[in-house]
Amino acid sequence: MDRKTDNWVSQIKRLKQEIDGFKSTQFIGADSLIAYKTYTNDSFDYQTTLTSPNQVRYLRLTLQHQTATDGILSELKLFYRMDSSNVMDLPVPKHTFGQPAIFVRWYKEMDDSLTNGTQTSWRIRVIKNADGDPYTAYFKFFIDGTDTGQWSISVI
Amino acid sequence: MIDRKTWDINKEVAAIRNDVGDIKSAQDSGSDNYVIYKTESQTYTYSATGGLIEPTVTFTADSLLNAFAELNARVYVSGSEIFNWSFEAQKTVSASDSLVTQWLVQIQHVTGSPASSLQVVWYVLSFDRGVISG
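Sequence order for the protein chains is A and B. Using our numbering, you'd call the opening residue of the first sequence number 1 and step up by one each time. Using our numbering, you'd call the opening residue of the second sequence number 1001 and step up by one each time.
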């Protein structure tokens, strides 16, 4: 093998190593993709107080992301707790018997202005039950998705 | 790993080109940039009992097995979009390596006067285009 040929072999070998590097993070043709969990290390991310019986408050959680083409695959996992900021210590179960003091449901919004290639939005409905004193709900948000970013929340 | 005794430059370059082509087709330009497709259905009308509908929704991907589909919806009453509804979608267990993803859905119109009929447009985000039936 002459020196010129040996040089080609080295270059090809290096290229194959680089491609293997790509494949180790995003395996082509199989099921290994990079996904992200977006969350804070705070004990809670948001709080809201409901005072009136049957009061409803709508919130919008928006994740700003940059690299999605037609949106991202993503799932919001929302936990909440009443009158305690240490949410994950004892969150309200999603499926619970009886009516919790505050009830929370959410879905991803499909309006193109809200969920698109650069952001994803969820509408969160917070309902106080008919009885009891005012309650403050504390929330923790975890977003699993094919992209990460910065989230913000607003009352709508 | 290249065997220097038996290597064939044409074969090696062709293999590299194939690998690069695979990467390009799966990954848009830039890092961590997947091509996600949003598929929209026609408008389906469902009779609601107490504002509740429980349809089965099916997404059939064009070509990608296990397309990791995610179901979402927009809901209308008499042609106007409503926002006071709740959504639960339970993905059913399907055969492995399938083009088909199916959900058992509950949509509840949450109001003092629930509608007797809901119109729904389904949206699927996934790694492939496809067809939705609800």
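Keep in mind the hints are simulated off the structure, nothing from the lab. There's no promise every hint is true.
Quick list of simulated restraints, FRET-style, between CB atoms [said to hold, decoys possible]:
| hint | chain 1 | residue 1 | chain 2 | residue 2 | range |
| --- | --- | --- | --- | --- | --- |
| 1 | B | 1092 | A | 93 | 21 to 27 Å |
| 2 | B | 1095 | A | 36 | 27 to 33 Å |
| 3 | B | 1095 | A | 66 | 32 to 38 Å |
Just so you know, even glycine gets a beta-carbon here, dropped at the ideal spot from N, CA and C.
These are the hints, each one checked on the structure:
1. 1092/B to 93/A: 21 to 27 Å: holds (23 Å)
2. 1095/B to 36/A: 27 to 33 Å: holds (29 Å)
3. 1095/B to 66/A: 32 to 38 Å: With a Cβ separation near 36 Å, residue 1095/B and residue 66/A satisfy 32 to 38 Å, so the hint holds.
Checked against the numbered hints above, the structure violates none of them.
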